[in-house]
Amino acid sequence: MNSFFERRYVVAGIFIAFILVLLGRLFYIQVVDDRYVAYASQNVVRKMIQYPARGPILDRNGKVMVQNEPVYDIMVIPKQVTAFDTVEFCKLLSIDRAGYDKRMIKARKYSPYRASVFEKQLTAELYAAFQERLSEFPGFFPQQRPVRTYPDSAAAQFLGYIGEVTDPMIKKSGGYYSPGDYVGITGVERSYEPVLRGQRGVENWMVDSRNVRKGSYANGAFDTSAVAGERLVSSLDMNIQKFGEALMRNKVGSIVAIEPSTGEILCFVSSPTYDPNLLVGKERGNNAAKLYKDPYKPFFTRPVQALYPPGSSFKPLDALIAMQEGMINPQSVYVCPGYYTSGNRRIKCFHGEVHGPVNLTQAIAHSCNGYFDMVFEKLVNKYGARNIDTGYGAWRQNVMKFGLGTRLDLDLPSEGRGLLPKATFYDKLYKKGGWRSSTVISLGIGQGEMLATPLQLANIEAVIANRGYFYKPHLIKSIGDKQVIKHEYTVRNYVGVDSAYFKPAIDGMQQVVDQGTAYGSKIPGIIMCGKTGTAEVKNKNDNSVFVAFAPRDNPKIAIAVVVENSGQGATWAAPIASFIVEKYLTGKISKRSSGIYPEYYMNANLLPPPVLSAADKRQLKLDSLKKTQADSVNKLKLKAASNNKPTDSPRVNKATAMLPKRKDNE
Amino acid sequence: MNNYQQRGFFANVDWVTILLYLALCVIGWFNIHAAVYDENNPSLIDSSTQYGKQFIFIITGLVIGTVILLLESRFLSSLAPAMYVVTVLLLMVVLVAGHKVGGNQAWIDMGGGFRLQPSEFAKFATCLLLARYLSGTNVKVTDPVSFLIAGGIIFLPMLLIKLQPDDGSTLVFCSLIFVLYREGLSPYFLIVGGLLVTLFITSLIFNSWYVVIAIAIVATLIVLSIKRNRPLVFKIIIGAIISMAFVFAVKPLYNKGLKDHQRKRIDVVLGLTQDKKHVGYNQNQSKIAIGSGGLWGKGYLQGTQTKYAFVPEQSTDFIFCTIGEEWGFAGSVVVMGLYLFLLLRIILIAERQRAPFSRIYGYGVASIIFCHVLINIAMAIGLMPVIGIPLPFISYGGSSLWSFTILLFILLKLDSNRMGIIYA
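Residue numbers (my numbering), protein chains in the order written: chain R, 2 to 667; chain Z, 21 to 444.
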């Protein structure tokens, strides 16, 4: 012991103090601060998402419309790559050396220890060749990935396509999607995305500091397995779908056919169309760009997005509503002098034809404009000519019950609602009280401001076929193995017209096909009731419209066909519709008394001159400015393009395009 | 008087210390096993693995300890100068012909896969010589000449180790200041030392001018409160001025005096850089491993961070990660408690010695163990920059374990003989 004995306490105190500081810090990071627990699991646990197979889509007969097909991505783990014959490797994958280096740099940047995609979506041939020599290329391995494949290359706009998610979609999904995921972008792929995509699984892997898998986390207690997407059975009939697409080849327009007793859509043709397989695989980007540039807009889903004046196909509605409202009865007669006078306007019948005295059935059969203008005027002036707002409003409400001017809630994105203006629209246009029935008289014959989608037109036929009600049209019949049908598709929507009033209108429609405007399209052995329409389009050829249902009793199919800028309804739309109806009902095409046959229509080219967008025009101008020498050539080309109308241009007034015309009245 | 000796060699041995020693060794061995655990090869004793080797080291350590207990105390004291010289020579040899591990030329190859680290043995050799010198008659630490000689004894091996360069072991020699303090060194050395470290750190974190202003304020407050004591006021003013000068010198010193990797390690601890990928990686992973242990830990062999090699050097310098992760805060408290208990026990042993030689040596042992524990754990939990230094008795490695064993057992031998008279 010496004089500094007390200092033992100082030294001990210092030891204790420092040990307490360490313990304090340990307490903080081990007990108080729980960030480190999270960091530790970030270190060790890798959530590996298990992608489910996307659900296939079948047609109504069980035929596959779209399913998955494996393609192979070549993956690489840069750290495992050792020296090998790069020249041979590049040759096998048909890439060049620079491309190889670029890919390797990208992969190494992502991670030297983790696999990343070296080359996407090898074709079967390339993969077979590569597979044989795989052992020569350490560090590379193939990974299977399913892609969509379309055995029939049909119904592109109906099916839609899938693509990588965009950033807004990722945000909207609330974390469900991550970059690189594929989702339905359009069509059924989009509207049924939640059902088709299935349920993702998660495998929690334990990895070491080099990201090498060491086992599963907590013995897989938190793992979930992927559940494959549901199988969808669509309402389409692939036979008539393909047939319809063939008939519409080189034409702009659409075909919509509905089974009236269910609302199931049997045929959904949008023309021009494209091969959905073009949007799969390596060339997807190039193909999509080409399709986007196509002036005929193949991505435009015409059956629900294109708007057409219904024309004469609207006429039966006038009659039905007027009967229900008690404004006319089937015997009411209008003596047609070849026109109708409303106020100081005179609306002529087609080609100035004089129909004489016509009742309802005859008026429909002969498509007498005068009769229906008379009916329409009666309807909108029901509450007096000065109270047209009220009368028009009531008429509009009645028409909307048929599905016009309103969305039918089809199970497809971006459905158009058509156009059926409110009374206030005319108040604005002409000032309140500044318009009369004569002002809007064209609406009575499906012209004027009225616009409808082909789907709406077909739905009206379904209503008439059902004598007063419709089921919501839909494209997917049932979902999954349990064949779930959405409840809303099993409810009848009544249009407010008693079934008794339908007979005279249907009589007229039968006559249209039996001896009227569409007699050329009569199907042997099947009573089809239809109505042609020739809707005027400003500065262009008329749209050929035909709506129908068949058979007359217990109808199986209601159909609307529109062929843009091709002429009269009877010329193009009616024969096409008749072939679809016959093919659907009998499965074959019989010899017609009129002598028409489908191949003629398939081969006809009715494409109107391409409408160049402002951007295209600018580009053309720019090009021509750049290449002054080639200027004249360009002009010639432009001219040639505008002259590139169908060589086959039988736009004459004929009951069908193939036959000489019998009657001029439409 | 010599009744004790007649009852056998181990009769007077401090069994509490031996139990603490064994506990730490066993904890070390289990945690080394966990740190290098391989699920495919789960045997406990396998001489090809680190835990297998450590088992051999522990057994050998016990043999060494027993041999030391059988030695004559007088022998230890008289041999001190020779041992010191041999170690210093070895430290010189290692600089010329040493084996490099991790950038430090600190090892001598002994063949058979075993390597010797002379710097480990320099610790007890220096302690012994220091004890021998300071216990000499007419030697007083307060006397400048004695102080310089004592300082020289510490400084020589320190310099040689610094040249390796082994920063950790170099720092350990600094801890011998506690020995000098206990023997009468002015407390100003401790105070000034602590002050300099504080100033160094604050000057790095804050703008120099703020620190200078802070010093001025603190100095003024102290001066105002003790204005009667003129000489003290004078001292404080001088001290404040020197401190201010030091503050301005810190940054240049820091930038020029330290090597790049050292500077970066310090920056990481002080939060001056956010580098979790490179320089800060080890420490960050170490913190994650320890921090994720929670209160009770993940259980033996269940530590994912250590098992899957996220923490480097996890059986040696970062062995505490395994303890922290698998045994949680509870385990940390046990281990820290054992160390504190051991340190206090050593002080108690030192203070009960009659012979100054034994006491001084005891304080040397305590200082060295304390310094190792402090630096190692502070580094593992991010309170100090990364300095490679083993955790006494726990870290994997024969040299480290044996040198600590020798260090401790010499004290136990001296203690068992405390009633005898030591002839220096």
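Keep in mind the hints are simulated off the structure, nothing from the lab. Incorrect hints may have been included.
Distance ranges between label pairs, derived from CB positions [to be verified]: (1) Z:Thr293 to R:Gly100: 33 to 41 Å; (2) R:Tyr29 to Z:Leu278: 22 to 30 Å; (3) Z:Met130 to R:Leu135: 18 to 26 Å; (4) R:Leu135 to Z:Gly357: 57 to 65 Å; (5) Z:Val36 to R:Tyr29: 26 to 34 Å; (6) R:Lys103 to Z:Gly291: 53 to 61 Å.
C-beta: ideal position from N, C-alpha, C; glycine also.
Okay, the hints, checked on the actual structure:
1. For the pair Thr293 of chain Z and Gly100 of chain R, the supplied restraint of 33 to 41 Å holds, since their beta-carbon distance comes to about 38 Å.
2. Our hint of 22 to 30 Å for Tyr29 of chain R and Leu278 of chain Z holds, since their Cβ atoms are close to 28 Å apart.
3. About 49 Å separates the C-beta atoms of Met130 of chain Z and Leu135 of chain R, a value inconsistent with the hinted range of 18 to 26 Å.
4. Checked against the hint of 57 to 65 Å, the C-beta distance between Leu135 of chain R and Gly357 of chain Z comes to roughly 58 Å, which is consistent with it.
5. The beta-carbon spacing between Val36 of chain Z and Tyr29 of chain R, approximately 31 Å, falls within the hinted interval of 26 to 34 Å.
6. Range check, Lys103 of chain R to Gly291 of chain Z: Cβ separation about 39 Å, and the 53 to 61 Å hint is violated.
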